[in-house]
Every structure is written in C-alpha cells, then in structure tokens.
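Asks: One-letter residues, chain by chain:
Number of protein chains: 2
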Amino acid sequence: MNAIDRLVALFSKLPGIGKKTATRLAYHILDADPSYALLLAEQLASLHALIKRCSICGSFTEADPCPICTDQDRDAATICVVERPQDVRVIEESREFHGRFHVLGGLIAPLDGISPSDLAIGSLLSRVRAEGTREVILAINPTVEGDTTALYIQKLLKESHLIVTRLASGLPVGGDLEYTDRLTLSRSFRGRVKID
Amino acid sequence: MNAIDRLVALFSKLPGIGKKTATRLAYHILDADPSYALLLAEQLASLHALIKRCSICGSFTEADPCPICTDQDRDAATICVVERPQDVRVIEESREFHGRFHVLGGLIAPLDGISPSDLAIGSLLSRVRAEGTREVILAINPTVEGDTTALYIQKLLKESHLIVTRLASGLPVGGDLEYTDRLTLSRSFRGRVKID
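These protein sequences, in sequence, are chains P and C. So the first sequence is numbered by the working numbering: it starts at 194 and just counts up by one. So the second sequence is numbered by the working numbering: it starts at 194 and just counts up by one.
Calculated directly from the structure, the hints in this document are not laboratory data. Accuracy of the hints is not assured; some may be wrong.
[To be verified] Here are the simulated DSBU-like cross-link-like pairs (lysine-lysine), alpha carbons at most 35 angstroms apart as the crow flies:
(1) C:K348 <-> C:K387
(2) C:K212 <-> P:K213
(3) C:K213 <-> P:K212
(4) P:K206 <-> C:K245
(5) P:K206 <-> P:K245
(6) P:K206 <-> C:K212
(7) P:K212 <-> C:K212
(8) C:K351 <-> C:K387
(9) P:K206 <-> C:K348
(10) P:K212 <-> C:K206
With the rest of the complex left out, here is chain P (with noise of 0.2 angstroms):
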C-alpha cells in the first residue's frame, strides 16, 4: 500500500466519502501546491489540542469557558438545549437566537444503548437552578429519539415553573404540500398558527 493508497483509505472512513470520493481527493491534493497538503496537516494535527468542550455548555471552543457562556450581552435566562455541538453553529449561524446554550451530547435511545444518564441532563437542571433560567428552549430533531428525550426533560423541568419550548415542527419554507409526508402535515395542522 503506497502513500495515496493510505490516504484513500484513510479519507474513506469519513462520513459521505466513499472510495471514489476518497481518490478524487486524494489525487487533488497531490496535484495541488503541497502547501495546501501541509497546512491542512497542520490543523489536523493541532485540532484535538486547541479545541475543548466548554465546562459549562459543553459545545466545542478554544477557551473555556465558551465565549457565548461568558458574553455578558446575551440572554442568560434563556437557555437552548441541543443535541450536538455542531448544532450549537446552525443556530448561532441563523442569528434567531441570543441566549446560553447547552449540549446534551446525544439522545435517549434505548436501542443504542443510551440511557439518560449517558447525556448532559443533570447539568441542565443544575444551570436551572442557578442561572435564574426562565425559558428552555428544546432545539431537538423532530425523530423518535428527539421526541423521547424531549418528553424526558420537559416532566424534569415541569415542576421548576419555567417555560418549557421547543422549536415549531412543521412545512418547510419553500416545501410543497404535494411532497411533505404525513407525519410532518399531521404534526403542521396540529400546530397551526392563527392569521393576525
């Protein structure tokens, strides 16, 4: 196995990259100035040393804690509850949302083996309690394990009287009724909105 061989190979265990995708790239690479080569390897090799999980949210940063935690011009009552930590730059990308997040680092789903206690659940009801928080916001897939685990934190929460969201599942800007499948017509009817 030669060195292409090796990166093929290597390329190819990433998500979405098949082999034919892992060739092409790898041959890119090598037609391309070796700069590019040696400053991708450069941030590579430094990734896991720069970047950290935030102690308090849990997202991924350089500094900890994150600089969304420690932005004093944000929202601190409201807290956002996602998944994963690339969810935390969906959201921050849409400009909709200005208050704190917080990452659970997965979803309940017994078939896979994770229980509750395997996410960031117990710290969410620890921020609760001491942030003062008065709204969480569950930015969860609308799946089968977003919805068990969304129905898990919100009886958590039911007895902190605070406003417990999550975010509207419904027809997609730009979607076709023609299209849209039955759950998500089924689950946009029930949360219609009223016409001002």
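With chain P fixed as given, assemble chain C onto it according to the hints.
Replies: Just chain C now, kept in the frame of chain P:
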C-alpha cells in the same frame, strides 16, 4: 476564526465539498478518536515528499521508475495513453490491460490555453521509437478536448506504422437507450459490432 473554522475553510477548498459537508467532516473528526486526526495529518504532511512522478510514464509513484514501468511481466509493446495519473489507477483496477502507461498530464484545450507542447506528447513519441511499441491505445475521455487530443496524437503516430486504437464509446453496461444522449447513441451506432 477558531481551529474548527480554519479546518472547515480548508476542507471547503476540496472539489465537491461545500461548506455544509466541510462542517460535517470537521465535527466528525473532532468527535472521533484523536488518533484519526493525527494519522491523517501525518499522511498529508508526508504525501508530496513520498509521491513523485515516474520519469518514464509520468504517473504518481513512490519509486522511480514506477512498478508498472519496471514490471517485466507486462507487455512492453503496448502503451496506454491517459490524461491524468488517476486514470492509471482506474484502468489498473479493471484488470483489463497488461501493458505500459503514458500520462499526458492534460488534454489539448486552446480555450484554456493548453497546447500540445504543454503535454507529454514529445516523450510519447520518443518512447514509441525507443521501446519498439506495436500498439498505442488512446484511453482518453470521449469529450471535445479528448477527441482533439486523440486526433492530434493519431496524426503524429501515423508515419510510425504502429496500431493506434481508442477505447470504444457507446452505451454503458446496464444503461438504457431511452436515457442515452444523442451523441452517445450516434457513436454506439457507428461503432456497432457484429454478433458471431
């Protein structure tokens, strides 16, 4: 820009990798065992030092001349001409060809400023004269640039009394007449073969 953003920016420069895919890859690597990132970094850092161009055929290799050019069991009298080093890999994987290769390093494309002198055509003529070649197979893509390049090489080799062939063009195996474009259909008619 933090370490994740820098990695995303670098991945986004790869062909067929948009910002979304680049982000998914970066977070996947961050989530995975750090040994993967280090291994990938190592391979990338050493890639250009390990891989060179074969001084005979022009394909990528760790040893110069490459294992194909030095393999005495291969038919030295047949040269398969390809556009890029990765084409050598594709043909090798098909196990259909047992001769030597010659990599042009591109195709004639006047609009992109690529003329015959930019390609390894001179060295092909030298090899044909020196190696006692009997057949040159032009394994060049059936595109406008490919057709131009094939015609150009064919004319140059005309005087040398060797066989010049080109890969058959026509319906792909498992293909459907209904979904075949007009040019491919036309080529498959002109190249039709007699059934014994």
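Asks: Mind checking the alpha carbons of K206 (chain P) and K245 (chain C) for me, to see if they're no more than 35 angstroms apart?
Replies: Answer holds: K206 (chain P) to K245 (chain C) is near 25 angstroms, not above 35 angstroms.
Asks: Is K351 (chain C) within 35 angstroms of K387 (chain C), Cα to Cα?
Replies: This hinted pair holds, its Cα atoms lying about 27 angstroms apart.
Asks: K206 (chain P) and K245 (chain P): Cα distance at most 35 angstroms?
Replies: Given pair K206 (chain P), K245 (chain P) holds - Cα atoms ~23 angstroms apart, limit 35 angstroms.
Asks: With a cut-off of 35 angstroms on the C-alpha distance, tell me whether K213 (chain C) and K212 (chain P) pass.
Replies: 20 angstroms, holds
Asks: Sort out whether K213 (chain P) lies within 35 angstroms of K212 (chain C), counting only the CA atoms.
Replies: 20 angstroms, holds
Asks: Does K348 (chain C) sit within 35 angstroms of K206 (chain P), going by the straight-line distance between their CA atoms?
Replies: Cα-Cα ~46 angstroms, so violated.
Asks: Within 35 angstroms, alpha carbon to alpha carbon, are K348 (chain C) and K387 (chain C)?
Replies: 28 angstroms, holds
Asks: Check the hint pairing K212 (chain P) with K212 (chain C) against an upper bound of 35 angstroms on the C-alpha distance.
Replies: 21 angstroms, holds
Asks: Given the hint that K206 (chain P) pairs with K212 (chain C), test it: the Cα-Cα distance must not exceed 35 angstroms.
Replies: 19 angstroms, holds
Asks: Run the distance test for K212 (chain P) versus K206 (chain C): straight-line Cα separation, threshold 35 angstroms.
Replies: Since the Cα atoms of K212 (chain P) and K206 (chain C) sit roughly 19 angstroms apart, the hinted pair holds (cutoff 35 angstroms).
When held up to the earlier numbered hints, the structure conflicts with hint 9 and nothing else.
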